[in-house]
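Trainee: Listed below, chain by chain, are the residues.
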Amino acid sequence: MTNVELPQCGSVNRRIGFLINPIAGIGGRVGLKGSDGVVDLALARGATPTAGKRAAAMLRAFRAGLRDHPLRPDCCWITCAGAMGEAVLLDAGFEKIEVVYRPTGTSDASDTRRAVRAFLSAGVDLVVFCGGDGTARDVCAETGRATPILGVPAGVKMYSGVFGVSPARTAEILLGYLDGRFELADADLLDVDEEAFRAGRLEVELYDSARTPHEPRLVQSAKQVIEDQDAGSAKAQIAEHIAEQFEARPETLFLLGPGSTVASIADRNGFAKSLLGVDAVVAGRLVGVDLRESELLELTDTHPDAQLIVSPIGAQGFVLGRGNQQLSATVVRRIGRTGVVVVATPAKLDQTPVIRFDTGDPALDAELAGDGFFPVVTGYHARRLVEVRV
Amino acid sequence: MSEPTLFEKSAAGRCAIALPELDVPGSALPDELLRDDLALPELSQLDLVRHYQRLSERSFGVDSGFYPLGSCTMKYNPRIGEALARLPGFTDAHPLQSIESVQGPLEIMFRLQSWLAEIGGFARVSLQPAAGAQGEFTALLMMRAWQRDRGEGHRTQILIPDSAHGTNPASTSMAGLSVLEIPSDSRGNISLDALRAACDETVVGLMITNPNTLGLFEQQIEEVIELVHRCGGLVYGDGANMNALAGVLRPGDLGIDLMHYNLHKTFSTPHGGGGPGSGPLAVSDELRDYLPAPVVERVVDEEHGDVETRYRLESPSKSIGRMCSFHGNFGMIVRAYAYIALHGIAGLRENSMHAVLNANYLRVMLRDNYPVPFDRTNMHEFVCRGDVGSEGVSATDVCKRLIDYGFHPPTSHFPLVVPHALMIEPTETESLETLDGFVAAMLEIEREARDAPEHLRAAPHTAPVKRLDEVRAARQPILRSRVQS
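Residue numbers (the numbering used here), protein chains in the order written: chain A, 1 to 390; chain B, 1001 to 1485.
Hints were generated in silico from the structure; no laboratory data involved. Using N, Cα and C, we set each Cβ at its ideal position, and we do this for glycine too. Among the hints, a few may not be true.
[What the hints assert, rightly or not] Quick look at which bits of chain B chain A covers, simulated, 3 or more residues with Cβ under 8 Å:
hint	region
1	1165 to 1179
2	1186 to 1199
3	1463 to 1477
[Claimed, not checked] Calculated lysine to aspartate or glutamate pairs in the DMTMM-like style (CA-CA distance at most 25 Å, straight line):
hint	chain 1	residue 1	chain 2	residue 2
4	A	53	B	1454
5	B	1318	B	1201
6	B	1466	B	1444
7	B	1466	A	68
8	B	1318	B	1107
9	B	1466	B	1057
10	B	1466	A	183
11	B	1318	B	1286
12	B	1466	B	1404
13	B	1466	B	1454
14	A	53	B	1451
15	A	53	B	1391
16	A	53	A	98
17	A	53	A	91
18	A	96	A	125
19	B	1466	B	1003
20	B	1466	A	179
21	B	1318	B	1289
[To be verified] Now the in silico label distances, taken between C-beta atoms and shown as ranges:
hint	chain 1	residue 1	chain 2	residue 2	range
22	B	1464	A	93	31 to 41 Å
23	A	272	B	1471	25 to 35 Å
24	B	1440	A	243	52 to 62 Å
25	A	284	B	1037	50 to 60 Å
Input sequences plus hints: build the corresponding full structure.
Mentor: This is the structure:
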C-alpha cells in the first residue's frame, strides 16, 4: 500500500460542488420568517431541520433522471462531510464523491463560505446548494459571476432567481445543464432584511448578480427574478433604444442605475458598468463610476439636462429607494419625472405587477407616481404602462 | 413511425415512369451542363405514391377533426366556395388583361367591397392586404398620412392593450411608430385609468381587438373610443375576432375608424396550411381617400343611365399607394363572396350567435376543472388555464395529450396576461356531439394530470413524432437534411 490517493473523479465528468445548509428554513414553520441568528430560538420552538430532506428529494429525482437519460450524462460531486453533503449523497446512492471540506461544531454562514472556497480551489463547474436567499448570498459571495450556481429551494424566503420551483424541478434543471440544453442566464440575488421583516416591514434589496442554468418553465415564478429565453434579445432591444438616446442627446447626462438590465446598456455601448453602483455617461462616454450622492449632485450641477435610467427590483417593483439610495430625493428632484427612464424586460414585468418609488420624500414619490401609471421601456421603441403603487 | 425521405428510399435503377422512345433526332446536352454527382432519388411509382399518401394522412385540418385553435377561427370551409373559385373565368383571368375583358372578376370585387363596408359599418374597403397583419400595416400608414395632412405628423405613439393580438406591436414597429402597452383591468377590459393617463398629443391612435384575445367584449368600448378621439387619435379595430360580431354589431357604428377583416377567419376561406390569407381594410368616410390604390368603382354611364353599368379601377385621391402588385389574393375574394352570398346577413348573424353559444358551452363545461381567470360570458372564444392536476403540469402537456385523443390543440400560452393560457375557439360549425367529445377528452386529461402526470408529460404517445424538445429545437435547430453518401 502506498499513500497515493486515487482521485474519485476523472476529468471527463462535470464537477458539481454540492452543499447543504443544514439549518436553512428552520425558522419558517415556527413563524420566525427566516433563520438568520435565530437557530437556537427556532429549535426551542420545536423546529426540525428540513433542508436535508429537500436535498435528498432533489438527488432522488436527479438519479432517476440520469438513469432514463438517452445521453447518459454524468457528474462527480465535490462536497462537504456529513450532513452538509456527503451523507445525503451516499444515501441517494451516488459514488463519485470527493469531500473537500469538513465543518467543525455547529454550522453557520462561515461554513458555507469556507466550503464554497474549498470547492473553488478543488475546481468545480457549478455549485449546487440547498438553502434560501441567505445561503445564496453566501455562496455567491465566493463564486461571483465566474462560477454558476443553482439552488434547491429549502429556505424560508427564495426571492433570488437561482432556485428551481421545487427539488424535483431543480433536478431537471441540473440534468439540462449537464446535457447542454440549458444555457446560463443572469439572475438577481435578492434578500430581505430579516430584522425588519420580523417587525412587519418588507425590505428587499438587490445584493448581487449570479449566473445560473436556466429553463423558464422550471424556475420559480412567484417573487422571483430570472431571465426568460428571450431575455437576451429583450435586453439588447432596450440597450438599442437607449443607445439611440445617447446619440440623439450628446449634451445630456445619463445616470445608469444598478442591475443587469441597465448593465446591458453599458455593454452595448462598449463600456463596463459597475453592477451595483450608479455610473454616469455623457455623449456615450463613461464620466463617473460607482458615484456617491455628493458626486451625483455635482454632476447634475454641471449638466442640468439629465436622464436617470433605472430598473425595478423584480417582483417587489422598487425602482428607487432599494439598493440605490445614492439616488436620493435631492438627486431625483433635479432630474424630474420626465427624466426618469424605467427599463425592464417583459418577462420581469410579468412578475412585477406594480412599481414603487420610495425616495424617502413622500411628495416626490407622489409626483413620480403621476396619475398612477408609469411608462416602462420594454424593448426598442416599446413601452408598457405599469401601475405605480404608492 | 417516421417516414423516410425519398432520398433514403432511393434504390439504384428504379424508375417511376418509362419514357416513350424518341421519335425525333436525339441531341446531346452541352458538356458544361453535365454533372456526374447529381444525387437524385430513384424510386418506383408505387414507392412515390405511398410516400405522399402516408404524409398526407399525417396532415391534420378542419376536414379531419376538431380544431379549436383560439383566435384562428378554424371553421368548416363550404365546398361551394372551392367550386366557384375554380371556375375557368376566375382561374384564367390575368390582372394585366384589359379592363373590358375582366368585368366579371371586377364585379365580384366591387360587390365584396360594398358588402364588407356594409357589414362593418364603414364607408369604403380595399381588398389589397394579403393578410390580417398587412391590413394592420396598411391602416397604420393611412393613420399617419391622415395626421400629416392635419399638420400632426409629430405624433408617434400607438396604444395597444395587453390583450391585443401579437401582430399589432409588430405592425407598429414596421410603420416606424412606438408602442405603448396599456394594461387590462381585473375584469379583462382595457384599463380606462391607464388609457386616460396615456392619451396625449403624442398619440397616433389605439389598436384594439374586440372581442379581445381573452374572448371578452370590451364593455366600455364607447368610452375607450371617445378618450382616444378626444386626444386627436384614431381607433383601429383588429377584425380578427369578427366571427363573434358579424351580422350582430357594426364596429363602424361604435366610432371605430379603420378595421381589417380576416376573410380566412370570419368568411371561411381555407387557411390550414398557413394561407393564403386575405385582410381587406375597411375605413370611415374621413379616411376613404387614403385607401391603397386601386379600388374597384362602378361607373354609371351618363347617357344610358345605369343600364350600361361597368366597373373600373380607381386610385383614391390621397392614396398611400399600392400594398401589393395587383389586387390581393383573388381566390380568397371569390370564396368570401360565395360565403356571404350563401348565408346572407341573417345567416352571418346566426353563425356569430352559434359561435358564441358553442364557446360559452365549452367554458361552462370545463371551468370546474380548468380555471377560467375571467369567468364571465365570453364571445366566440375563451381562455382557461392548463396548469392543472399536479405541480409541474403545463398547458403544453395538456395540448400534447389532446393530440392522442384526435383533437388539434388549442392556442396555448397566449394571451400573455394569463399564465398557462389555453385559448379555445370552437366556431359555429361544430356539432354538440363534437363539443361533448372534446369536453370528455379534456376532463380525462385533467384526471390524468392528477393521477399520472408523467404520462401527460411524455405525450403525445400515438403521433408519429413523440414529444419534441422545443428548447433544443430553438437553440440548436437542424435546418437541412443531408443525403447520406
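Trainee: Next, verify each hint and record whether it holds.
Mentor: Going down the list of hints, with the structure as the test:
1. 1165 to 1179: With 5 residues close enough to chain A, the hint holds.
2. 1186 to 1199: As far as the region 1186 to 1199 of chain B goes, the hint holds, because 5 residues have Cβ atoms under 8 Å from chain A.
3. 1463 to 1477: holds (count 5)
4. 53(A) to 1454(B): The given pair, whose Cα atoms are some 22 Å apart, holds under the 25 Å limit.
5. 1318(B) to 1201(B): With a Cα-Cα distance of about 24 Å, the restraint between residue 1318(B) and residue 1201(B) holds, given a limit of 25 Å.
6. 1466(B) to 1444(B): Judged against 25 Å, a Cα distance of about 20 Å means the pair holds.
7. 1466(B) to 68(A): 16 Å, holds
8. 1318(B) to 1107(B): 24 Å, holds
9. 1466(B) to 1057(B): 17 Å, holds
10. 1466(B) to 183(A): Cα-Cα ~24 Å, so holds.
11. 1318(B) to 1286(B): Holds. Residue 1318(B) to residue 1286(B) sits at ~12 Å (cutoff 25 Å).
12. 1466(B) to 1404(B): Status holds; Cα separation ~10 Å.
13. 1466(B) to 1454(B): 14 Å, holds
14. 53(A) to 1451(B): The hint holds at about 24 Å.
15. 53(A) to 1391(B): Judged against 25 Å, a Cα distance of about 19 Å means the pair holds.
16. 53(A) to 98(A): Distance of about 21 Å is within 25 Å: holds.
17. 53(A) to 91(A): 11 Å, holds
18. 96(A) to 125(A): 15 Å, holds
19. 1466(B) to 1003(B): Holds, because 14 Å separates the two Cα atoms, which is no more than 25 Å.
20. 1466(B) to 179(A): Cα-Cα ~20 Å, so holds.
21. 1318(B) to 1289(B): Since the Cα atoms of residue 1318(B) and residue 1289(B) sit roughly 5 Å apart, the hinted pair holds (cutoff 25 Å).
22. 1464(B) to 93(A): 31 to 41 Å: Given range 31 to 41 Å: holds, Cβ gap about 37 Å.
23. 272(A) to 1471(B): 25 to 35 Å: Hint holds: Cβ distance 31 Å, inside 25 to 35 Å.
24. 1440(B) to 243(A): 52 to 62 Å: 55 Å, holds
25. 284(A) to 1037(B): 50 to 60 Å: 53 Å, holds
Consistency with the previously given hints is maintained throughout, with no hint failing.
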